[in-house]
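Could you slot chain B onto chain A? The hints should help.
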Amino acid sequence: MPLLEVKDLTVRFDTGGGTVHAVSGVTYALEPGETLGVVGESGSGKSVHVLSMLGLIPKPPGRIAGGQVIFEGRDLLTMPEGELRQIRGKKIGVIFQDPMTSLNPVLTVETQIAEAITSHGLMSRKSAKARAVELLDLVGIPEPQKRVTQYPHQFSGGMRQRAMIAIGVACEPKLLIADEATTALDVTVQAQILDLMKDLKKKLGMAMIWITHDMGVVAGLADNVQVMYGGRIMERGPARAVFNDTRSAYTWGLLRSLPDHSEGRVYETHTPGQAKKRPRLQQIAGAPPDMTNPPPGDPFAPRNPFATERCHREVPPLVQARDAAPGHLVAAWYDLPRALLTNPTGAVPAAAGEAA
Amino acid sequence: MNAKAAPLLRVDGLTKHFHTSKNLFGKPTHTVKAVDGVSFEIGYGETLGLVGESGSGKSTTGRLILRLEEPTAGQVYFEGQEIGKLSSGQLSPIRKKLQVVFQDPFSSLNPRLRVGDSVGEPLQTHGLVSSGSDKRDKVAALFKQVGLDPKFMDRFPHQFSGGQRQRIGIARAIALGPKLIVADEPITALDVSIQAQIVNLFLDLQEELGMAYLFIAHDLGMVRHLCHRVAVMLRGRIVEMGSTEQVFANPQHPYTQALISAAPIPDPDREALRRRIPYDLVPPPPGAVLREVDPGHWALSAA
Chain A
-9 MPLLEVKDLT
1 VRFDTGGGTV
11 HAVSGVTYAL
21 EPGETLGVVG
31 ESGSGKSVHV
41 LSMLGLIPKP
51 PGRIAGGQVI
61 FEGRDLLTMP
71 EGELRQIRGK
81 KIGVIFQDPM
91 TSLNPVLTVE
101 TQIAEAITSH
111 GLMSRKSAKA
121 RAVELLDLVG
131 IPEPQKRVTQ
141 YPHQFSGGMR
151 QRAMIAIGVA
161 CEPKLLIADE
171 ATTALDVTVQ
181 AQILDLMKDL
191 KKKLGMAMIW
201 ITHDMGVVAG
211 LADNVQVMYG
221 GRIMERGPAR
231 AVFNDTRSAY
241 TWGLLRSLPD
251 HSEGRVYETH
261 TPGQAKKRPR
271 LQQIAGAPPD
281 MTNPPPGDPF
291 APRNPFATER
301 CHREVPPLVQ
311 ARDAAPGHLV
321 AAWYDLPRAL
331 LTNPTGAVPA
341 AAGEAA
Chain B
180 MNAKAAPLLR
190 VDGLTKHFHT
200 SKNLFGKPTH
210 TVKAVDGVSF
220 EIGYGETLGL
230 VGESGSGKST
240 TGRLILRLEE
250 PTAGQVYFEG
260 QEIGKLSSGQ
270 LSPIRKKLQV
280 VFQDPFSSLN
290 PRLRVGDSVG
300 EPLQTHGLVS
310 SGSDKRDKVA
320 ALFKQVGLDP
330 KFMDRFPHQF
340 SGGQRQRIGI
350 ARAIALGPKL
360 IVADEPITAL
370 DVSIQAQIVN
380 LFLDLQEELG
390 MAYLFIAHDL
400 GMVRHLCHRV
410 AVMLRGRIVE
420 MGSTEQVFAN
430 PQHPYTQALI
440 SAAPIPDPDR
450 EALRRRIPYD
460 LVPPPPGAVL
470 REVDPGHWAL
480 SAA
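Respectively, the protein sequence lines represent chains A and B. With our numbering, letter number 159 in the first sequence gets 149, and the count goes up by one each step, no holes. To get our numbering, take the position in the second sequence, counting from 1, and add 179.
Treat the hints with care, since some could be wrong.
As the list claims (entries may be wrong) - Chain B is nowhere near these chain A residues, computed Cβ spacing over 10 angstroms in every case:
{"#": "1", "residue": "Ala19"}
{"#": "2", "residue": "Gln140"}
{"#": "3", "residue": "Glu162"}
{"#": "4", "residue": "Gln272"}
{"#": "5", "residue": "Arg293"}
{"#": "6", "residue": "Pro307"}
{"#": "7", "residue": "Val338"}
Said to hold, decoys possible - To be clear about the criterion: a stretch of chain B counts as covered by chain A if any three or more of its residues have a C-beta under 8 angstroms from a C-beta of chain A, and this derived list gives those stretches:
{"#": "8", "stretch": "291 to 298"}
{"#": "9", "stretch": "310 to 322"}
{"#": "10", "stretch": "377 to 390"}
{"#": "11", "stretch": "401 to 412"}
{"#": "12", "stretch": "443 to 450"}
{"#": "13", "stretch": "453 to 464"}
Calculated from the structure, these hints are not laboratory results. Just so it is clear, CB atoms sit at the ideal spot from N, CA and C, and this is done for glycine as well.
The shape of chain A in the complex, shown without the other chains:
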């Protein structure tokens, strides 16, 4: 039985400038112990969809326009706030991007971790404090006995993020949700945190939803990858399948637009006065859609060189991709492998080439 089932989740924001179609018909299931990487850019709905299932979007302007989120047999969306609060932090841990705004600056780290545990009635204050030291040790903070009595400002950025993770996993949740948890960190610190997460996942056996815009991060961390765009899931499947047998034109475009990381890739050195042509990146034309006025069909259609006439007018359902790995789903009216046979570089039809 899945740990989490999201069914047709639809979220709207009513703003002065119109209704933002933030999340539309998002449907998926998460198994116990599974790590799901959710990839998308700003406005894709990747963060809003988890915030809304946790009751963390401001209402108004936010509004759940439809759907269910079943966690351990109960719908989180219709649950009274008091009960949801008991699940949040206890059974579902959350880590956000900026630990400085999520940690309380006037409380010691010990107090904050202990509070996370005792507020759910799991243990006494005294044993919770002992547990705080264990948790700091678990997330790799040196001298946890000393560190636990300090305040957040005495921690470096990487250590604050580790402290946030300690709070996130304090109650040994069944599900940990991380929203751009390493985005603000330097690349070396990010690497340490990602290693820590792989290690914790093994030790604690929890499921994870890791939300990021970075394809590299999910490549190393996720069992399954879900690519979102314009409030919808464009593609979902086992990580290797999504990366190596890509079915959505958006995923394909994103992966292609990244600089070539191949080893041994050598560029010529600059010689003054001698202009040498450098290769260009394979860019996706156009800009992300305005979600107050989303395209009527596939949200990526206006930028998609493979879009068919139907893509522009009708939203494609998310279904098993043809001749793909089981569970590899795509929302597309076009067939990407077939389209690539006739247009291998995704050459842009003249009309779609407008700059972003």
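Just chain B, lined up with the frame of chain A:
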């Protein structure tokens, strides 16, 4: 040195100390060496990438070159002329040749000014337009050059997407025909699907106009793609510098090795094989100096 023409930019022993606290008598008690004796050159038409952790001093180095901050010590030579001592009047002709592109195009554009006026402003300041219609024509040409439709000239910054705003910022930066653009994290705030467009625009403009870039960034993949040479900064010092292929294929300093090995690879198979080289972020020892390990490839090592 006489036989060799002066490089476009030469930075010599550039140093910036910030005093973070003072004692009762106003004497500094705690000093942060944000930039600590940095020296490098940039040739005409060349791109130098400056990478490092936050707080490594890479942005401060850019600001010192632009004279947005005054250095504690060291010199900046632009086309052979030291610009540190110039008055703002003397600096004016150099400002034309030395421009900047910031990370967040939204905060660097005046929200109340039509974007065409923002782009045309430097032309007006330097007396390079003869009339209103001449300005419009020149701005329209700049818009086309950065891939924007000139009909958007009369709109305001908030009516544009992040990528379009960065194009406007770039149009403004190239308006005066600069020789060097300091680009401080110019793609960091952009959506992933837009980053490649802007990197390509930087490459196109360099080819057309022959500008040099100081490209300050933390995305090593993009730096590797865009830059001819790379300098790696750690705690205010350059720990390694060389051609892009020297630094990426044969990193010498342990910090460079750690940095390169830490970057995640967007490929599950190769990512599974990636081995991270750990590095404790200790500042380089005070006596350490840059030594040439290969022609043009320098790495910091103990004295």
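Right, here's what the structure says about each hint:
1. Ala19: Ala19 (chain A) clear of chain B: closest Cβ-Cβ about 21 angstroms, beyond 10 angstroms.
2. Gln140: Fine: 19 angstroms to the nearest Cβ keeps Gln140 (chain A) off the interface.
3. Glu162: holds, 27 angstroms
4. Gln272: Gln272 (chain A) not clear of chain B: closest Cβ-Cβ about 7 angstroms, inside 10 angstroms.
5. Arg293: Given that some Cβ of chain B is not farther than 10 angstroms from that of Arg293 (chain A), nearest at about 8 angstroms, it is violated.
6. Pro307: Check passes; 23 angstroms lies beyond 10 angstroms.
7. Val338: holds, 12 angstroms
8. 291 to 298: violated (count 0)
9. 310 to 322: violated (count 0)
10. 377 to 390: holds (count 6)
11. 401 to 412: It holds, with 6 qualifying residues against the three required.
12. 443 to 450: Check passed, 8 qualifying residues.
13. 453 to 464: Answer holds; 5 residues pass the 8 angstroms Cβ test.
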